[in-house]
Amino acid sequence: MVESQLGTTLVLLLCIVITLVVSIGIYLKSFLEHRFNQLAQRHELDALTLETQRGLQLLNRENGHIVERLGNLSQMSSEVLTERMKAHQQAYHMWYQTLQLLRESSKRRQRKEAKRHFDDCEAFWQAHCLYLDEEARMAFRQSYQFTTGASLG
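In this text, residue positions in the sequence shown follow full-length UniProt numbering: the first is 1, and each later residue adds one.
Simulated from the structure, these hints should not be mistaken for laboratory data.
Be a bit skeptical, because a hint or two may be false.
List time: in silico SDA-like cross-link candidates among lysine to any residue, alpha-carbon distance up to 20 Å [as the list claims (entries may be wrong)]:
no.	residue 1	residue 2
1	LYS112	GLN100
2	LYS86	MET76
3	LYS112	LEU101
4	LYS86	LEU130
5	LYS112	PHE124
6	LYS86	GLU135
7	LYS115	GLN145
8	LYS112	GLU135
9	LYS86	ARG141
10	LYS115	THR148
11	LYS86	GLN97
12	LYS86	GLN126
13	LYS115	LEU99
14	LYS29	ALA40
Computed spacing ranges between beta-carbons, pair by pair [as the list claims (entries may be wrong)]:
no.	residue 1	residue 2	range
15	GLY55	HIS93	54 to 64 Å
16	GLN53	CYS15	50 to 60 Å
17	LEU73	LEU50	32 to 42 Å
18	GLY7	PHE31	27 to 37 Å
No residue lacks a Cβ here, since even glycine has one placed at the ideal position from N, Cα and C.
Taking the hints into account, I'd like the entire structure generated from these sequences.
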């Protein structure tokens with residue numbers, strides 16, 4: 001009877017050991033799968049973080065270029081505005097000089113001054129006509145045509 005109890009105890013112990021080994025195996029398998037998933041997620045997260053940083057660097061570079069271009073454009077706009085103001089002022093000054101020349105008598109010396117003045121007007125027109133707005137261009141052109149009988153290009 002002791003032998004049969006011993007055999008039963010051994011079988012029972014063997015069943016317990018097998019159950020423990022299987023349980024530990026299942027637990028280890030589950031634990032290792034979980035750890036590998038965590039490592040894979042961490043690796044993916046690192047890769048995503050790296051890609052995000054690259055994207056931000058690219059955006060910062062592009063924004064820097066855009067800001068630089070806008071600054072250049074703003075500077076050019078203010079320079080063009082300054083040139084337009086100068087051109088309008090100079091056109092008015094030339095128009096006023098033309099009126100003064102027309103009011104004076106037509107002596108030989110004044111004819112030479114008038115010719116020089118009209119040459120200056122033509123040079124001004126060629127250099128600055130695009131800076132004048134439409135109305136100022138037409139007025140300057142009509143004034144020139146009226147006083148010289150010539151047409152500007």
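Note to self: Taking the earlier hints as the rules, which of them does this structure contradict?
What the structure shows: 8
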